[in-house]
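Q: Take a look at the letters that make up each chain.
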Amino acid sequence: MRSSVIIFPGSNCDRDMDVALKKFGFKNQMVWHNDQSIPKSDLIVLPGGFSYGDYLRCGSIASKSKIIKSVIDFANSGGLVLGICNGFQILTETGLLNGILQQNKFLNFICSNVFVKVKDKQNKYFKDLKKDVLELHIAHNEGNYFCSNDELKSLEDNNQIAVTYCGEDGTENETTNPNGAIKNIAGIFNSDKNVLGMMPHPERMIDKYLSGEDGSLFFKNILDNFK
Amino acid sequence: MEVTEAVAIDHGLKKEEFSKICELLKRTPNLTELAIFSAMWNEHCSYKSSRKHLKKMHTKGKQVIQGPGENAGIIDIGDDDAIVFKIESHNHPSFIEPYQGAATGVGGIMRDVFTMGARPIANLNSIHFGSPQHKKTRNLLRGVVKGIGGYGNCIGVPTIAGQTTFDESYNGNILVNAMTLGLVNKNKIFYSKAAGLDKPVIYVGSKTGRDGIHGASMASATFDDKIEEKKPTVQVGDPFTEKLLLEACLELMADKSIIAIQDMGAAGLTSSSIEMASKGNLGIELNLSEVPCREEKMTPYEIMLSESQERMLIVLEKGKEDHAKKIFDKWNLDFAVIGKTTNSKKIELIFDNKKVAEIPIDLLAENAPIYDRPWKKTKLPQKLKFDKDEFKSLKLSDCLKKILSNSNISDKKWIWDQYDHTVMGDTIQKPGGDAGVVRVHGTTKAVAASVDSSALYCFSHPLTGGKQIVCESYRNLISVGAKPIAITNCLNFGNPEKEKNMGEFVECVEGITEASKYLDFPVVSGNVSFYNETKDKGIKPTPTIGGVGLISDYQQMLTMDFKTEGNLVYVIGKTDGHLDQSIFARELLNEKKGPPPTVNLFNEKNIGDTVLDLSRKNLIVSCHDVSLGGILTAVSKMCIKGKKGIKINSLKGLTNKYEYFFGEDQARYIVEIPEAGLKKVKEILNKYSVHFDELGTVNGQSIAYKDDINLSIEELVDAHKYWLKKYMDN
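Keeping their order, the protein sequence lines are chains V and H.
Here this note's numbering = 1-based position in the first sequence + 671.
Here this note's numbering = 1-based position in the second sequence + 237.
Hints were generated in silico from the structure; no laboratory data involved.
We treat Cβ as the ideally placed atom computed from N, Cα and C, and that holds for glycine.
Incorrect hints may appear among the rest.
[Unchecked claim] Here are the simulated DSS-like pairs of lysine-lysine, each with C-alpha atoms no more than 30 Å apart in a straight line:
hint, chain 1, residue 1, chain 2, residue 2
1, H, K894, H, K720
2, H, K293, H, K251
3, V, K879, H, K682
4, H, K682, V, K854
5, H, K563, V, K737
6, V, K776, H, K650
7, H, K444, V, K735
8, H, K889, H, K842
9, H, K639, H, K293
10, V, K694, H, K639
11, V, K879, H, K878
12, V, K693, V, K740
13, H, K962, H, K919
14, H, K372, H, K735
[Claimed, not checked] So the derived list for chain V, only partly shown, Cβ under 7 Å to chain H, looks like this:
hint, residue
15, F695
16, G696
17, G724
18, N784
19, H808
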């Protein structure tokens, strides 16, 4: 499976993503934000970081960058686009995903392990995933997902909520919500479920010496579904 | 403006220093020249009070590639890999403006590291605040933590360990010490020594603004009531630009275009240009009209003194300008040829086609004043005799709970949750352990790092205190399974013009030197911060040691959490029960006198070797050094982290259980031993002839000792985890 990771000025999880993708067998290449086009890919990843310093609004300037038109075209033609953390913020700014990411409820940056519940498996990311609850890692200041009531209803009706923050046993409530996101939302799909944005970083959980290994399941599953 | 003695004094120069300048120049300097002298001759840049004593430090070793005197120190970790590291203070600015002060402290130290060609791989910090009851403490703490996080998180370098303490002596002067480790190929290191004539001098990075003017002078003076007025001397950080600068510099460093490179830190363009020329024994000519400026009508005086962040000065190979410019254009950074190297051995400044300053470089560097300041020795306080009756009313479990919730012992998760400690995907020991550990990317090696200071011990007896922190750092590295290699130090003291403060400095340095020599744990970089004093009240002497060690196979890393029910728990090293200067004495006996625990360097080394030997042979599965709060505090942390309890044996011959459990004797570790390896463990302990106590067995869900203690893990957690969070939520 061929993948491309876009590097914006200020991206800082691009290498981590490259390492993770290659570890599980993706043929990955890095693409500079000023490039006009993206090499032939089966998956495009917008990595975490602080694109363009996240000045103005997180992800907002990146959503107007030169490369982004190719990303949008790729998504609209059904290609898989994955945005992690800042990548998720960029995807909402482009309009590929609904809603916005506000500052965390308690106004602090949070770097911590979290559990997320996989809410939908009828998609190319989570289909046949063995686990329902994954332990992943978050590191963000603006991860508090919010959207209008209509948008929320439509996300729910179309099963576009991808993952929600929960406890180890899968309980979703206020205490298992680290940042105040509406309905504990940690990640969502577009209506065709080829575009996924999520705050947690699977690329930081890929071997037992790190914070955990559930990120490996995520990457392997994408590959398994591609075959 | 006419330059007079009064103007010189306003610039922080002493009367005698001004006459010396006039004498050396054989004329009165103009204002720009005076500014350059004041910037180069202040304490922060010239080390004029400390240099004499710093020279005595132990700075050499088998693995040392670069000792003090460069942007950072460098050690060899094998296979062409080298670690570049340094710690630096940003105390004064952080007290005036905590967010920006701390943020730019982190930015500055990272630049020092990547200037040498290294990619930063880990940040640490040691931060010290006034009493929790003091009205400024909460806001200062919040601001500093946000500043450190705001900068490091954005750059994408993990913050892997740190230290936070509270003491009323920091009420008017907080301390913010930031440390960075970087990884470099040892054949591709860049230095700040210029070489060759007529080579282009290049300015890259952010534009120059009016921020931070006089920053270095401000950091070389004490505070008074009017510190709010000093806000404009604090620089403003832009981590995004630093990230671009990092990537651009590393890209340019991939080939051989750079002759010398120096970041513009304290005293900005002045200090960077003069240092490069001075080290290369050259002259330098700068055309200040070419310096990219953020604001209009900046004068040469302002351009030379600005401490705008995220700027670098490069001496480039001739003909490489276009190649270099292309890289900086790609990263959207300013790039300007602003001068050249010359054979004049002078710094010559041109502005609007006129020469505006001309000073021989040796006057600024080598001829800077050096002071042999008078200092006073501190006598070792007499050891206290505690009356048995004093302990009568104390219950062990209440004492333990009280100590676990002490502001200096309690969990600091509230802080490090705000630092990205996992970015770069190689953090294998997070904050909260004895040391942070990151893998050397793509290898089996890992680097451990820890920051330590013990102001109470240093205040009581600086010589012992100085030794003790080096040992503490040594132990923290060994506790995670790392072989200690070298240290960096940040020497935070009061006013060196006072004999007592100067004495504290001299004796702490002596202690550090003695210990680092004995332990073969050399000092490779560091910084001195004097004048941490407000309205005549100085801080307790607070030298901070940043230690770095190597784990050659990261699978052998140790953590402190108890692993398996039934495993044996030993204390390695002898407990005499030293309570003077301990947390126990302070918290429960309200006793602040007495000497710090004795440091025995032979024991420290021998016991350290023993523990390393045990860990290399995979005979211990967890390890934690015993420090503040003594054995019970250490064991409690191992229980909390491992979510497992301990049954403590009824120890024979115990004369005073308070002394045994809470004494802060040095050179001790607690280790967890699987029964299968016990025989081998005992052989090794005997081989090294070290004292050990069979403390107990990993057992159940509580810490239990005879009828004296029975505390569940939840009770320990309640005592330990929430002090800081509750304090900050108030």
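Q: Give a verdict on every hint.
A: Verification of the hints:
1. Simply put, K894 (chain H) and K720 (chain H) have alpha-carbon atoms about 33 Å apart, too far for the 30 Å limit, and the pair is violated.
2. Distance check on the hinted pair: K293 (chain H) and K251 (chain H) sit about 27 Å apart at the alpha-carbon level, within 30 Å; holds.
3. For a cut-off of 30 Å, the pair hint linking K879 (chain V) to K682 (chain H) stands: about 16 Å separates their Cα positions.
4. Between K682 (chain H) and K854 (chain V) the CA atoms are separated by roughly 43 Å; this puts the pair beyond 30 Å, and the hint is violated.
5. For the suggested pair K563 (chain H) and K737 (chain V), the alpha carbons sit about 19 Å apart, so the restraint of at most 30 Å is met.
6. Taking the CA atoms of K776 (chain V) and K650 (chain H), the gap is near 18 Å; set against the 30 Å cutoff, the hint holds.
7. The suggested pairing of K444 (chain H) with K735 (chain V) holds, with an alpha-carbon distance near 25 Å, which does not exceed 30 Å.
8. Pair hint K889 (chain H) plus K842 (chain H) holds up; C-alpha atoms about 27 Å apart against a cutoff of 30 Å.
9. At roughly 42 Å between alpha-carbon atoms, K639 (chain H) and K293 (chain H) are farther apart than 30 Å, so this suggested pair is violated.
10. Between K694 (chain V) and K639 (chain H) the CA atoms are separated by roughly 48 Å; this puts the pair beyond 30 Å, and the hint is violated.
11. With a CA separation close to 17 Å, the supplied pair K879 (chain V) and K878 (chain H) stays within the 30 Å bound.
12. Only pairs whose Cα atoms come within 30 Å are accepted, and K693 (chain V) paired with K740 (chain V) is accepted, the gap being roughly 26 Å.
13. Between K962 (chain H) and K919 (chain H) the alpha-carbon distance is near 43 Å, which puts this suggested pair outside the 30 Å criterion.
14. Between K372 (chain H) and K735 (chain H), the direct Cα distance comes to roughly 28 Å. Compliance with the 30 Å bound is thereby established for this hinted pair.
15. Among the interface hints, the one on F695 (chain V) is violated; its C-beta lies about 14 Å from the nearest C-beta in chain H, farther than the 7 Å criterion.
16. Nearest Cβ of chain H to the Cβ of G696 (chain V): about 17 Å, over the 7 Å cut. The hint is violated.
17. Of the supplied interface hints, the one on G724 (chain V) holds, with its beta-carbon coming within about 3 Å of a beta-carbon of chain H, less than 7 Å.
18. Taking 7 Å as the C-beta contact cut-off toward chain H, the hint placing N784 (chain V) at the interface is violated, the least distance being around 9 Å.
19. Residue-level restraint check for H808 (chain V) holds (minimum Cβ-Cβ distance to chain H is 6 Å; threshold 7 Å).
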